[in-house]
Amino acid sequence: MAEIIQLAITGVALGSIYALIAFGFGLIYTSVNVVNFAQGDFAMIGAYFMVSLELGARLPWWLALILAVLLAGACGALFQLLIYQPMRRRPRNFLPVMIATVGASVFIEQIFLVIYGPVPFQLPSIFKAQTIRLGGVSVYPQYLVIIGATAAMMALLRWFIEGTKLGKQLQATAQDADAARLMGIRVARMAALTFAISTALAGLAGLLIAPLYTVTSTMGTSIALKAFAAAIIGGFGSMTGAILGGISIGLIETFGATYISGTYRDAFPFLFLIIFLIIKPVGLFGEKVSQKV
Amino acid sequence: MIKPILKFLPFLIVLALLPLMLPAGRLGAYYLTLLILTASYAVAALGLTVLLGYSGQISLAQAAFFGIGAYTFAILGVHDGVPFWLAAIAAVAVAAVFGLVLGMISLRLASHYLALVTIGFQIITQLVLANWHALTGGPDGISNIPRPSLFGFALQTDEQFYWVSLAVLALAAYVVYRLRNSRLGGALLALREDEIAAAAYGISVFRTKVMAFSIAAALGGLGGVLYASGSLYISPDVFSFYQSVSFFAMVLVGGRESIVGTILGSGLVTFLPEVLRFLQSYTVAVYGLLIVVVVLFLPNGLYGALADGVGFLRSRRTAGAAPAEQLAATIATTAPRPVATSETLLEIKDLTKRFGGVTAVNGLNLTVCKGDVAVLIGPNGSGKTTVLNVLSGIYAANGGGIVFRGGTITNASPNQVHAAGISRTFQNIRLFPELTALENVVVGYFSKGTVGLAGTLLSVPRGYREEREAVAKARETLGALGFSRFDVRAKHLPYGQQRIVEIARAIVAGPTLLLLDEPAAGMNHEETAALSSILYRIHELGLTMLLIEHDMSFVASVATRAYVMDFGQKISEGSVQSVLADPAVIKAYLGDDVEYA
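In the order they appear, the protein sequences are chains C and A.
Once you know that position 57 of the first sequence is 56 in numbering that gives the first Met the number 0, the rest is easy, because the numbers rise by one and skip nothing.
Once you know that position 595 of the second sequence is 594 in numbering that gives the first Met the number 0, the rest is easy, because the numbers rise by one and skip nothing.
Keep in mind that the hints are not guaranteed to be accurate.
Each pair of labels, with its calculated beta carbon distance range [stated by the list, open to error]: (1) A:D157 <-> C:L62: 58 to 68 angstroms; (2) C:Q170 <-> A:F354: 19 to 29 angstroms; (3) A:A23 <-> C:I114: 37 to 47 angstroms.
None of these hints come from the bench; they were simulated from the model.
Computed from a predicted model, the values in this text were never measured in an experiment.
Just so it is clear, CB atoms sit at the ideal spot from N, CA and C, and this is done for glycine as well.
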């Protein structure tokens, strides 16, 4: 029983990471209709910035964390300026933009590989204790940090999107960019903000998970693919959906790797996704796929 | 069959002579292995040309199919001693079956879901190749892979094998070329441009997509065979996600719709690391950057940019369009119009369609007789377009039935409805924008063709005959409607002419009933007059029509019978004059308390 609880906590923590990235995916998709295949690379960027700031510049962990997240967001804003903005007005740009993000993803990974070199970095976990015991179950504290930070971040975002004027402008732009522009909202800035928030979330996810793995230039790829699977299962654009999708993927991966086969760890989420899509092609909460005829 | 061979022959000769131009010694030998590699990559990339370029589906699993082909071939050839060509055919078949299955489970999905499922498949495939030791040899891979022999001649040297690869590449290029220029190729492009419109003209979206997927997988597998035999050794790390991205880059860089472009792109991407050797570890980054730059600045690839340049110079010499009045004059006719009969053609009974809580059509009854030009009018939001969409199979009805020529077509799929003899146009014109006017209309003739994939690829004469017939029929139909700018892309045509092309596309296959959704919307006075004469002309040809329209003078000039809808129900029917005088109709349009002062 203790083992199952332990694995469940691991699964939920992994799932929180996927949820953060999945929500970012959904935010970009619903706001500017872009599928960003480079989302995972911002997790890697966040982790590398944390390496530089915490291990390199020797800043206290909390300051390094805040700066790394902000910098990842800034990179995201720059990314959309170079990739999305030039093609924003081109008709039928969905597929080309998606392809461009695939190319950009490869480029970003290689650039970081060149800058930081092929030797993986190890980030220390935020609390130094190896394990803590919670009623007979020993838990790695970083898992709790991940779960707590994700919950806090999601709550903050919900308040921002629904409770502030800027958040409302963001929502208005997502629902109808032309109408929003007519109301005086700076649509291009909103796009930049959307990308910045989404990539900052990915950056946070990356630096939170980094102590469990190692920091490498390709660390984002498999995380992001699973996060993408989570977004599909939960339905794009819904926060609850992203969280549920993320956690189910996290649990399936963890339990599958432990009880079925560790070698095929990365295959379980995709097998689950494929089976899921056969049964329910529009996701758990459904994407509104209504084509105007 | 002769034309494409002549067209590609010079290119092929250059490729065949390449080994003779290489420097002697080790460098030359190295370049020769790169050439062999290029040929195998190009075959796989041609698969993506079909899938991405023609049908517009995104797949990031081409390296998985490449790997499945390579491994099937190697396992059969090395472990089981199966003869070369037999093993090769088996490898292509196995890859195609994987493609078929993957396509069938994932093609109901939107393109970004599809992309993800293909990545998932790519990752799972590589994991299996690396870990199923008993079958694949695990990370060590398989070595001593055989090379072919033909009619007793062993083709063992690199030079001989290069020519074998080139012959296979030429075959693959021919297959793709033949497909592109066939009826099925037209269907693939139509699907890429507009799925709803493609389905409305008799193309099965699902079957056509699965076909594209299987062809891409088969070519991926064939490329894998060449790769395995060319390298003599395979290991799982080659068949990675990055290789899939690199296939993608080959197709995009060359030009995703062009066969020659794809082959050049494959060469470019394969030889790029040699040219960029000074960049050392940056080469992969350059691939990524290349994709971004090409997508941003050369959407049709290098070859496409070249072709656009030539096309631009040519187009400056073509003449302008005929003005609308002239058009109306050329097709004006004095022949008597057919009189509506009392023979029922279409019967709609108690039709109901709900969207969530909104009942858009509420128990509608409507009968269209053979020879009618029936018009459905009503205020905005009264459910007219919904009726048309249910009729043509785009929406499923919640209740009631539709009988056409004695057969029930309630909730048939769009292509079944089309097969029954009902064709349509759309409220917001849905032409295939990147296809020419003529190609658009040829797609309308799709349902008349009979030759399938096998017949197309084997180049049976009937296929060519049908294609010529379709083009002739399309020219004739466009001509009859007074349209002559056959080779202009639909997106470059003015609005009124797009309507005409759309009508031509709808009638080219000779339907019994034509549905027109607001054909005069957005047209100026002259264009509307031209449209009237076109509809007269179509009516003369014996077509029954059901149209939705708001322009009352237009309605009065063409309609033989009118139905008025409000709130999803029929409130009046009869001649145009009589329904317009009906108090219920006046009330629906103007409200209750109108004072006639």
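Here's how the hints hold up against the structure:
1. Against the hinted window of 58 to 68 angstroms, the Cβ-Cβ separation of D157 of chain A and L62 of chain C comes to about 60 angstroms, which satisfies the hint.
2. Checked against the given bound of 19 to 29 angstroms, the beta carbons of Q170 of chain C and F354 of chain A, roughly 24 angstroms apart, stay inside it.
3. The given range of 37 to 47 angstroms is respected by A23 of chain A and I114 of chain C, whose C-beta atoms sit roughly 41 angstroms from each other.
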